[in-house]
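Read top to bottom, the protein sequences are chains A and B. The first sequence begins at 1 in the UniProt record's numbering and counts up by one. The second sequence begins at 1 in the UniProt record's numbering and counts up by one.
Among the hints, a few may not be true.
[Claimed, not checked] Keeping only pairs whose Cα atoms sit at most 30 Å apart, straight-line, the calculated DSS-like set for lysine-lysine is:
{"#": "1", "chain 1": "A", "residue 1": "Lys-151", "chain 2": "B", "residue 2": "Lys-120"}
{"#": "2", "chain 1": "A", "residue 1": "Lys-70", "chain 2": "B", "residue 2": "Lys-3"}
{"#": "3", "chain 1": "A", "residue 1": "Lys-254", "chain 2": "B", "residue 2": "Lys-82"}
{"#": "4", "chain 1": "A", "residue 1": "Lys-254", "chain 2": "A", "residue 2": "Lys-151"}
{"#": "5", "chain 1": "A", "residue 1": "Lys-65", "chain 2": "A", "residue 2": "Lys-13"}
{"#": "6", "chain 1": "A", "residue 1": "Lys-65", "chain 2": "B", "residue 2": "Lys-82"}
{"#": "7", "chain 1": "A", "residue 1": "Lys-70", "chain 2": "B", "residue 2": "Lys-82"}
{"#": "8", "chain 1": "A", "residue 1": "Lys-67", "chain 2": "B", "residue 2": "Lys-116"}
{"#": "9", "chain 1": "B", "residue 1": "Lys-82", "chain 2": "A", "residue 2": "Lys-67"}
{"#": "10", "chain 1": "A", "residue 1": "Lys-262", "chain 2": "A", "residue 2": "Lys-151"}
{"#": "11", "chain 1": "A", "residue 1": "Lys-151", "chain 2": "B", "residue 2": "Lys-116"}
{"#": "12", "chain 1": "B", "residue 1": "Lys-3", "chain 2": "A", "residue 2": "Lys-254"}
{"#": "13", "chain 1": "A", "residue 1": "Lys-70", "chain 2": "A", "residue 2": "Lys-151"}
{"#": "14", "chain 1": "A", "residue 1": "Lys-13", "chain 2": "B", "residue 2": "Lys-116"}
{"#": "15", "chain 1": "A", "residue 1": "Lys-70", "chain 2": "A", "residue 2": "Lys-13"}
{"#": "16", "chain 1": "A", "residue 1": "Lys-67", "chain 2": "A", "residue 2": "Lys-151"}
{"#": "17", "chain 1": "A", "residue 1": "Lys-262", "chain 2": "B", "residue 2": "Lys-3"}
These are calculated hints, taken from the structure and not from any lab test. The structure presented is a predicted model; accordingly, all values stated were derived computationally and were not measured.
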Amino acid sequence: MNENANQVHGLWKDWRLHVLVLLTVIITEAIGTFRIPLGPGVILLLPMLYALIIGLLLYFTPLVKEKQSKTAEPIIVLGVALLLAKIGVIIGPSLPDVIAAGPALLLQELGNLGTIFLALPVAIWLGMRREAIGMTHSIGREPNVGLIMDKYGISSPEGRGVMAMYIFGTVFGAVFLGLLSGLLATITPLSPLSFAMASGVGSGSMMAAASGSLIAAFPEMETQIIAFAGASNLLSLSTGLWVSIFIGLPLTEKLYTIMTRKRGEQ
Amino acid sequence: MLKNIQEWILLLGVFGIIAIIGNWIGYDILPVSALPGMIVLVLICLSGFILRDLIPINFPSIAYISIIGVLVSMPWMPGSEKVVEWTSQVELLALATPILAYAGIAIGRSWTDFTKLGWKTIIVATFVMVGTFIGSALIAEVILRVQGII
Numbered sequence: 001m002n003e004n005a006n007q008v009h010g011l012w013k014d015w016r017l018h019v020l021v022l023l024t025v026i027i028t029e030a031i032g033t034f035r036i037p038l039g040p041g042v043i044l045l046l047p048m049l050y051a052l053i054i055g056l057l058l059y060f061t062p063l064v065k066e067k068q069s070k071t072a073e074p075i076i077v078l079g080v081a082l083l084l085a086k087i088g089v090i091i092g093p094s095l096p097d098v099i100a101a102g103p104a105l106l107l108q109e110l111g112n113l114g115t116i117f118l119a120l121p122v123a124i125w126l127g128m129r130r131e132a133i134g135m136t137h138s139i140g141r142e143p144n145v146g147l148i149m150d151k152y153g154i155s156s157p158e159g160r161g162v163m164a165m166y167i168f169g170t171v172f173g174a175v176f177l178g179l180l181s182g183l184l185a186t187i188t189p190l191s192p193l194s195f196a197m198a199s200g201v202g203s204g205s206m207m208a209a210a211s212g213s214l215i216a217a218f219p220e221m222e223t224q225i226i227a228f229a230g231a232s233n234l235l236s237l238s239t240g241l242w243v244s245i246f247i248g249l250p251l252t253e254k255l256y257t258i259m260t261r262k263r264g265e266q
Numbered sequence: 001m002l003k004n005i006q007e008w009i010l011l012l013g014v015f016g017i018i019a020i021i022g023n024w025i026g027y028d029i030l031p032v033s034a035l036p037g038m039i040v041l042v043l044i045c046l047s048g049f050i051l052r053d054l055i056p057i058n059f060p061s062i063a064y065i066s067i068i069g070v071l072v073s074m075p076w077m078p079g080s081e082k083v084v085e086w087t088s089q090v091e092l093l094a095l096a097t098p099i100l101a102y103a104g105i106a107i108g109r110s111w112t113d114f115t116k117l118g119w120k121t122i123i124v125a126t127f128v129m130v131g132t133f134i135g136s137a138l139i140a141e142v143i144l145r146v147q148g149i150i
C-alpha cells in the first residue's frame, strides 16, 4: 500500500465500485462469523475474509473493469487510515498498558527474523538459489521490496524472490494470517496478547484479519488485543526496515552461504 | 490543498457510509449512534493527511493518524471520554470488511502474477509467513512473561 492518498481526485465518483463494495459488505456482514472447531482449536471465518474472496471473484466478472480495480487501490490506503485512527483511539485509553508492554513490543520485532530460520532452510532444501535470499529475509512488504531492489536490482534473482513474496502476501496474506492467528491462539498455550503483537508484522489488512480473528476468539480481551496489534504494526512500519537492513538481510546472506557450502560438500 | 481536503472528505465519507451500514448489519449498532464516532475518525484522518502535507519531512500520513488518534483519546486529554465513547460505536471489524472488499477487487490484477508462482514458491512463502508470525509471538510471550504481564 503506497503513500498515494494524494492522488484521490474524483475517486469518490466511481459509483460502480462503491456500490459493489457496499453490496459485498451487506452480504458478508449478514452472513456473519462462522467458527469451525478443529481439534482443540477454532478456525474463524470472518465477514472480511468473505469480502476479500467476493471482491476477488467480482474482478473476474464483467461488473468490474480495470478502472475499478485501479481505483480501489488508493481507497485501501484511506480505509487503512480510518482503521488506524480507530486503533489510535483504542490505544489512547490503554496507553499505560501499552507502555508497560513496551519492551515486549520492541523486542518482538526481532521475532520477524523467525522467517529466516524456518523458511530459508526449506527454500534451500527445495533447491532454490539466490531467490531464497529475497524471499525469506523478511515478510516482504513494500519497504523490504524497496530494500532488495535498491541493493540487488529489479531483475536480480533476489529481486524476483522478494516480488514473489510480495505477490503472495498481497493476495493471500490477510486470509492466511486471519486463519492462522485464530487457530494458533486457540491450540497453543501462548497468550492471545503475544499473538496480538505478532498480528502487526505485515500490512494493515493482514493486521486487521489476524487481530480480527483473535478478537472473535477472545472477545473479553478485545481492547488489549487491538491496542497491542496496532502498536506492533506501527512499530513494524517505523523499525521494520532497519531490522531488515542491519540484521535480517546480513543474517540471511550469512546463513545462505553456510547452508549452500554445506550442501556443496555432500 | 483545499481541493485535496474536499476530495479526502468525499472519499472518506463514502467509505464511512459503507462501514456504518456494515456496522449496523453485522454488529446491530444503529447508524445514528455510530455517526459521531465515524465523524471523529474521519477528522483524525484528515488532520493526519493535512499534517503530512504541511510538515516537510518524509513521515507517512498513517503514522500521524495513529499518533493523533492516541493523543485525542489519552486519559489526560480533556474531552477524551467523549472521543472514546463515540468511537466505541464503530466496530473495528466493520471498518476492516470494506477494506478487504476493496482489496479483493484491487488484487484481482495481481492474480495472473500469482498463478505464475510455482509450487515451491508457495510453500516457501507459507513458511515465511508462519515463521515471521510465530517468531514474533514467541518473543512477545517470553518478554511478557518475564515482565509478569501475562
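We went through each hint and held it up to the structure:
1. A:Lys-151 / B:Lys-120: holds (24 Å)
2. A:Lys-70 / B:Lys-3: OK: Lys-70 of chain A and Lys-3 of chain B at ~21 Å, within 30 Å.
3. A:Lys-254 / B:Lys-82: Violated, at about 53 Å.
4. A:Lys-254 / A:Lys-151: It holds: about 16 Å lies between the C-alpha atoms, which stays within 30 Å.
5. A:Lys-65 / A:Lys-13: The given pair, whose Cα atoms are some 15 Å apart, holds under the 30 Å limit.
6. A:Lys-65 / B:Lys-82: violated (42 Å)
7. A:Lys-70 / B:Lys-82: Distance of about 38 Å is beyond 30 Å: violated.
8. A:Lys-67 / B:Lys-116: holds (23 Å)
9. B:Lys-82 / A:Lys-67: violated (40 Å)
10. A:Lys-262 / A:Lys-151: Holds: Lys-262 of chain A and Lys-151 of chain A sit about 26 Å apart, inside 30 Å.
11. A:Lys-151 / B:Lys-116: Measuring from Cα to Cα gives roughly 25 Å; hence the hint holds.
12. B:Lys-3 / A:Lys-254: Outside the cut-off at roughly 51 Å; violated.
13. A:Lys-70 / A:Lys-151: Holds, because 29 Å separates the two Cα atoms, which is no more than 30 Å.
14. A:Lys-13 / B:Lys-116: With a Cα-Cα distance of about 34 Å, the restraint between Lys-13 of chain A and Lys-116 of chain B is violated, given a limit of 30 Å.
15. A:Lys-70 / A:Lys-13: holds (14 Å)
16. A:Lys-67 / A:Lys-151: violated (33 Å)
17. A:Lys-262 / B:Lys-3: violated (61 Å)
Hints 3, 6, 7, 9, 12, 14, 16, 17 from the list above are not met by this structure, while the remaining hints are.
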